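Spelled out from the first residue to the last, the chains are:
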Amino acid sequence: MKVLQIIETAYRATIEEQDDTIVWVTHAMKGAGGDFSVLLRGNAVNYGVKDQDASGLAFGAELQTQPPDLAGDVSKLTDKGIDVFYVREDAEDRGIEVGSLIDGLHPIGRADIAGLCDKHDQVWHW
Amino acid sequence: MADKKTLTFAIMDGPYENPRSTTAFRLMDIAARRGYNINVFAYEGAVNLPLTTQTPHANAVHGRDVDEENHPLPHKWIKALMAEAKNNGGEIDWVNCGLCVDERGAHEAVEGCRRGTPGDFWGFAENSDNTLVIPTR
Amino acid sequence: MSKYLLIESRDPFDSNDVANYYDLASNLAAAGNQVTLFLVQNGVLAARSGVKVNGVDVVAASGVEVLADEFSLRERGIAGDKLSKSVNAAPLDVVVDHLANGSKAIWH
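Chains as they are written, first to last, in the numbering used here: chain A, 3 to 128; chain B, 117 to 253; chain C, 75 to 182.
Hints were generated in silico from the structure; no laboratory data involved.
Predicted, not measured: the structure shown is a model, and the values here were computed from it.
Any given hint could turn out to be false.
Said to hold, decoys possible - 30 Å max Cα-Cα, derived DSS-like pairs, lysine-lysine:
{"no.": "1", "chain 1": "A", "residue 1": "Lys121", "chain 2": "A", "residue 2": "Lys4"}
{"no.": "2", "chain 1": "C", "residue 1": "Lys77", "chain 2": "A", "residue 2": "Lys121"}
{"no.": "3", "chain 1": "C", "residue 1": "Lys77", "chain 2": "C", "residue 2": "Lys156"}
{"no.": "4", "chain 1": "A", "residue 1": "Lys32", "chain 2": "A", "residue 2": "Lys121"}
{"no.": "5", "chain 1": "C", "residue 1": "Lys77", "chain 2": "C", "residue 2": "Lys159"}
{"no.": "6", "chain 1": "B", "residue 1": "Lys120", "chain 2": "A", "residue 2": "Lys121"}
{"no.": "7", "chain 1": "A", "residue 1": "Lys82", "chain 2": "A", "residue 2": "Lys4"}
{"no.": "8", "chain 1": "C", "residue 1": "Lys159", "chain 2": "C", "residue 2": "Lys126"}
{"no.": "9", "chain 1": "A", "residue 1": "Lys52", "chain 2": "A", "residue 2": "Lys4"}
{"no.": "10", "chain 1": "C", "residue 1": "Lys77", "chain 2": "B", "residue 2": "Lys121"}
{"no.": "11", "chain 1": "B", "residue 1": "Lys121", "chain 2": "A", "residue 2": "Lys4"}
{"no.": "12", "chain 1": "A", "residue 1": "Lys82", "chain 2": "A", "residue 2": "Lys52"}
{"no.": "13", "chain 1": "A", "residue 1": "Lys121", "chain 2": "A", "residue 2": "Lys82"}
{"no.": "14", "chain 1": "A", "residue 1": "Lys32", "chain 2": "A", "residue 2": "Lys4"}
{"no.": "15", "chain 1": "C", "residue 1": "Lys126", "chain 2": "C", "residue 2": "Lys156"}
{"no.": "16", "chain 1": "B", "residue 1": "Lys192", "chain 2": "B", "residue 2": "Lys202"}
{"no.": "17", "chain 1": "A", "residue 1": "Lys32", "chain 2": "B", "residue 2": "Lys121"}
{"no.": "18", "chain 1": "A", "residue 1": "Lys4", "chain 2": "C", "residue 2": "Lys77"}
{"no.": "19", "chain 1": "C", "residue 1": "Lys77", "chain 2": "B", "residue 2": "Lys120"}
{"no.": "20", "chain 1": "A", "residue 1": "Lys4", "chain 2": "A", "residue 2": "Lys78"}
{"no.": "21", "chain 1": "B", "residue 1": "Lys120", "chain 2": "B", "residue 2": "Lys195"}
{"no.": "22", "chain 1": "B", "residue 1": "Lys121", "chain 2": "B", "residue 2": "Lys192"}
{"no.": "23", "chain 1": "A", "residue 1": "Lys32", "chain 2": "C", "residue 2": "Lys77"}
{"no.": "24", "chain 1": "A", "residue 1": "Lys4", "chain 2": "B", "residue 2": "Lys120"}
{"no.": "25", "chain 1": "A", "residue 1": "Lys78", "chain 2": "A", "residue 2": "Lys52"}
{"no.": "26", "chain 1": "A", "residue 1": "Lys121", "chain 2": "B", "residue 2": "Lys121"}
{"no.": "27", "chain 1": "B", "residue 1": "Lys121", "chain 2": "B", "residue 2": "Lys195"}
{"no.": "28", "chain 1": "A", "residue 1": "Lys32", "chain 2": "A", "residue 2": "Lys82"}
{"no.": "29", "chain 1": "B", "residue 1": "Lys120", "chain 2": "B", "residue 2": "Lys192"}
{"no.": "30", "chain 1": "A", "residue 1": "Lys78", "chain 2": "A", "residue 2": "Lys121"}
What the hints assert, rightly or not - Now the in silico label distances, taken between C-beta atoms and shown as ranges:
{"no.": "31", "chain 1": "A", "residue 1": "Trp26", "chain 2": "C", "residue 2": "Phe87", "range": "27 to 35 Å"}
{"no.": "32", "chain 1": "C", "residue 1": "Ala104", "chain 2": "A", "residue 2": "Thr67", "range": "44 to 52 Å"}
{"no.": "33", "chain 1": "B", "residue 1": "Asp245", "chain 2": "A", "residue 2": "Gly97", "range": "41 to 49 Å"}
{"no.": "34", "chain 1": "B", "residue 1": "Pro135", "chain 2": "C", "residue 2": "Ala93", "range": "20 to 28 Å"}
{"no.": "35", "chain 1": "A", "residue 1": "Gly97", "chain 2": "B", "residue 2": "Lys202", "range": "53 to 61 Å"}
{"no.": "36", "chain 1": "A", "residue 1": "Ala15", "chain 2": "C", "residue 2": "Lys159", "range": "36 to 44 Å"}
{"no.": "37", "chain 1": "C", "residue 1": "Gly176", "chain 2": "A", "residue 2": "Glu64", "range": "43 to 51 Å"}
{"no.": "38", "chain 1": "A", "residue 1": "Val100", "chain 2": "B", "residue 2": "Arg180", "range": "53 to 61 Å"}
{"no.": "39", "chain 1": "C", "residue 1": "Lys156", "chain 2": "A", "residue 2": "Thr67", "range": "52 to 60 Å"}
{"no.": "40", "chain 1": "C", "residue 1": "Ala104", "chain 2": "A", "residue 2": "Tyr13", "range": "31 to 39 Å"}
For every residue, glycine included, the Cβ atom is placed at its ideal position computed from N, Cα and C.
Just need the whole structure built from these sequences, with the hints factored in.
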């Protein structure tokens, strides 16, 4: 069974969890034998942007020592053989230039999302 | 009775914050009444749904005492859904994501819920007739 | 040809993402799939006949069956005669029917 993971909600609890929990669960399920593609859409296209830096937070004397590395985690998905797509228009709408994105991501047009859904047995939208 | 099916739901929302958890329970209720087998992977805040430490309260704004208010407690809904499924020949296998339980301190889950991992969710999905993910925002 | 159940729980006044989801429903239908768009929770706020954003009418015109959860409609005081002609009220059981019948089910 091949599943398309669509990630749309972005930066929801990424500081507290020190990652994106859907990128994370995809890693975990891949490790358990799952077969996935990932589509970043909406605000989640920003996960592919280089030079994101959430470091340096402190709450009183409590320092966050492991800030999230969202682009790095997305990159690790591609290292694991997962195709990671992003919606071209969603990036353009947000002024995200192609050159500011990490390597290894595949742009697709909004009109092509239907075809991508057809290529998968199930579609899980987060 | 409808043909027996096995459905998997992945949920993420805790109680009392938005309508997604209620709609998820409504779907489970329909499936339970049909006698389906229902798998639930409770991820993130959803691990707070089965907490037995939830307690009801009166509501002065409503003008109701604790009995009259009869405030919903999701852990009781889960227990009732489990009973409904069983009464109709099905069952609910509820798995709380273990790391989500740890970080939230949500250890006291209603009987019938168990601790698990994303691997359990993948196993559920592979062995179900269908899977519905109800994400949070 | 596949069967799809697209569940929309949000209204188009909430986010532009809802319009994109409606478009996905239309595009799936244009690709030859059998598509149902099921509105639930605040998603039914797009179902009134007088709504200024005619998203669901456009989706229905593209061949998608558009349904709205009866309970969500009642919860929001949207009576049957106030619904857009493109939308039919339906019980939530329809979602479980689709799941049981193997439709690709997507929640937004």
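Against the structure shown, which of the earlier numbered hints fail to hold, in ascending order?
Violated hints: none; all satisfied.
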